[in-house]
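*Asks:* Going line by line, the protein sequences match chains A and B. With the first letter of the first sequence counted as 1, position 60 gets the number 60 in this note's numbering; the numbers rise by one all the way through. With the first letter of the second sequence counted as 1, position 50 gets the number 50 in this note's numbering; the numbers rise by one all the way through.
Treat the hints with caution; some may be incorrect.
[To be verified] Okay, the calculated bits of chain B under chain A, using three or more residues with CB under 8 Å as the criterion:
no., stretch
1, 17–29
2, 101–110
[Said to hold, decoys possible] With a straight-line Cα cutoff of 30 Å, these simulated DSS-like cross-link-like pairs (lysine-lysine) come out:
no., chain 1, residue 1, chain 2, residue 2
3, A, Lys104, B, Lys86
4, A, Lys104, B, Lys35
5, A, Lys121, B, Lys109
6, B, Lys86, B, Lys62
7, A, Lys43, B, Lys53
8, B, Lys53, A, Lys121
9, B, Lys60, A, Lys104
[As the list claims (entries may be wrong)] Just the calculated beta-carbon pair ranges, DEER-fashion:
no., chain 1, residue 1, chain 2, residue 2, range
10, A, Asn57, B, Val82, 15 to 25 Å
11, A, Asn119, B, Ser26, 29 to 39 Å
12, A, Glu135, B, Asn110, 20 to 30 Å
Just so you know, these hints were derived from the structure itself, not from any lab. The beta carbon of each residue, even a glycine, is placed where N, CA and C say it ideally should be.
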Amino acid sequence: MSYLNTSVNNNFDMHFDLDYNSSTNNEIYTNVKRIEINKANSKAIATIQSFSNLNENWDSYGAEVPTNYSIIRAINFVTWLSQKQIDVYFTIPLPDGGILIELKENNASLEIEFAENENEKDSITANYEDEVNAEDDFNDTTRDSYLRWLICPDGNCPGDL
Amino acid sequence: MEILDEDNVLRRVPTFLPNYFKPDGSITRVAFSTKKDEDGLSVNLERLTTVEKSILNPSKFKLFKINVGVVKNEINDDLDVVYNPKEDNEAHCLITGNITKGKANQLKKNANEVNLPEK
Numbered sequence: 001m002s003y004l005n006t007s008v009n010n011n012f013d014m015h016f017d018l019d020y021n022s023s024t025n026n027e028i029y030t031n032v033k034r035i036e037i038n039k040a041n042s043k044a045i046a047t048i049q050s051f052s053n054l055n056e057n058w059d060s061y062g063a064e065v066p067t068n069y070s071i072i073r074a075i076n077f078v079t080w081l082s083q084k085q086i087d088v089y090f091t092i093p094l095p096d097g098g099i100l101i102e103l104k105e106n107n108a109s110l111e112i113e114f115a116e117n118e119n120e121k122d123s124i125t126a127n128y129e130d131e132v133n134a135e136d137d138f139n140d141t142t143r144d145s146y147l148r149w150l151i152c153p154d155g156n157c158p159g160d161l
Numbered sequence: 001m002e003i004l005d006e007d008n009v010l011r012r013v014p015t016f017l018p019n020y021f022k023p024d025g026s027i028t029r030v031a032f033s034t035k036k037d038e039d040g041l042s043v044n045l046e047r048l049t050t051v052e053k054s055i056l057n058p059s060k061f062k063l064f065k066i067n068v069g070v071v072k073n074e075i076n077d078d079l080d081v082v083y084n085p086k087e088d089n090e091a092h093c094l095i096t097g098n099i100t101k102g103k104a105n106q107l108k109k110n111a112n113e114v115n116l117p118e119k
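Okay, chain B solo, but in the shape it has when bound (with noise of 0.2 Å):
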């Protein structure tokens, strides 16, 4: 599937125990790094996924967003969005390369919040 720099794709912050929400409210860009044996950054789709689905339980995550185009073409230096569906989250993407901490700053600046639909 062709990932388009039209597309968003959005990741879980943790918000309670551990929360990686700061005093000022700011989110640590450990929300935007890989473990070491990562082949990238888990993400979803945000077209072939829902916010209700994606945040898997809103009383321990936040979800944000960030556009692929800016991964791509703005932070950009060898990064990539490829589409890595899974048997049970066909929306599963990685944001491939070398993420860096200043990398992991630049995506954590650039994503924003998604906020629950109303009911």
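Chain A extracted, bound-state conformation (with noise of 0.2 Å):
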């Protein structure tokens, strides 16, 4: 069995003991509280994290590293997912050092963009059949409402949604 030990230490002092091969769950102790995280969402943890591996110009065109500001928030989030039950689809870094996570129900799509920094404002796209279909910042009011379109489109939302 093999384990991906990954520490991020900020703020926010997390860590993680994530064993991504696992069938089981993996848990994700805070200072706060227990949370269990799902094979997806603990591969995307690993991914994210990863990103600070990247070299300068990971991309050819000259991307920068994903910083620990979007790494940190990116993480945050996928961990308030987990909570939510909703799975990571896929995450890359951006090529200005933020991180992207895209979530997706059949031919809808949001895409979360993490920036690399406080002076520039996170973003959250939907996007219906490959096309985009609305744009904002992001923040709880507009994460909130774009999950609903994209998981309960017909209104009937889980509670806590």
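With the hints as a guide, bring the two chains together.
*Replies:* So this is what it looks like as structure tokens:
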């Protein structure tokens, strides 16, 4: 059994011991509470964490290494998604040092872009059949409304969404 | 140098650490997005380069081709392709204009993968 050990030391003080080959779910212990992370999201967290090992110019067009600022917030978001039992579909670094997380349901998807620093805004984009449908700054309000559009467009949403 | 509608331009897409291909095999529009400080999207003019030269490292990148006429006339909306040679790359061009997420999506949809020639 192989374990991925990752540590992120920042204001959030989180430590992960994730086994993303395991058939069982992983758990993240924060200084607040224990959060169960499923296999898909464990793998997404490991992938995001691995972006810190990229070299400058990783895309051959001058891309910058993802910043701790974007990495920490992307991981926090995946942890939040896990609490809502929502899986990450796809994640990549952005050329300016940010992180993109994509969620997908049938022909609809959401792209959340975590900016590289606090001077830039995070954004959320809704796509339907691979066309941009709507776009906003990312905050708690847009996060919840866009997630409702993705997951429960008929209005029959889980209680905590 | 005049860039013709018949011309094609080439763009590298990362395939390994990180991988711009999604689980369903499609590529992300980010492959056709510019950085904030860029004057345009870097591409190579196909007729002034080779696949081998443009791909740089086939174990890390795939190469995609897009037609200049499609960029200028179909995706349109102020996009242009301008010749922008570099000291180490005479084929270098820029797709200029405001490349929004929607336009990056259009560029992605109109791009076709270029296979390496057989040895």
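*Asks:* Would you mind marking each hint as holding or not holding in the structure?
*Replies:* Structure-based check of all given hints:
Proximity of the stretch 17–29 of chain B to chain A, defined as three or more residues with a beta carbon under 8 Å from a beta carbon of that chain, is established by the 8 residues found. Three residues within the 8 Å Cβ limit are the bar, and the stretch 101–110 of chain B against chain A gives 4, so the coverage statement holds. Between A/Lys104 and B/Lys86, the direct Cα distance comes to roughly 40 Å. Violation of the 30 Å bound is thereby established for this hinted pair. With a C-alpha separation of about 25 Å, the suggested pair A/Lys104 and B/Lys35 falls inside the 30 Å cut-off, and the hint holds.
About 27 Å separates the Cα atoms of A/Lys121 and B/Lys109, which keeps this hinted pair within 30 Å; it holds. The straight-line distance between the Cα atoms of B/Lys86 and B/Lys62 is roughly 22 Å, inside the 30 Å bound, and the hint therefore holds. Annotation: proposed proximity of A/Lys43 to B/Lys53 is violated, straight-line Cα distance about 34 Å (limit 30 Å). This hinted pair does not check out: B/Lys53 and A/Lys121 have alpha carbons roughly 37 Å apart, beyond 30 Å.
With a C-alpha separation of about 26 Å, the suggested pair B/Lys60 and A/Lys104 falls inside the 30 Å cut-off, and the hint holds. Our hint of 15 to 25 Å for A/Asn57 and B/Val82 holds, since their Cβ atoms are close to 23 Å apart. A beta carbon spacing of about 32 Å between A/Asn119 and B/Ser26 agrees with the range 29 to 39 Å that was offered as a hint. Checking the proposed 20 to 30 Å range against A/Glu135 and B/Asn110 shows it holds: the Cβ atoms sit about 21 Å from each other.
Hints 3, 7, 8 from the earlier list are contradicted by this structure; the remaining hints agree with it.
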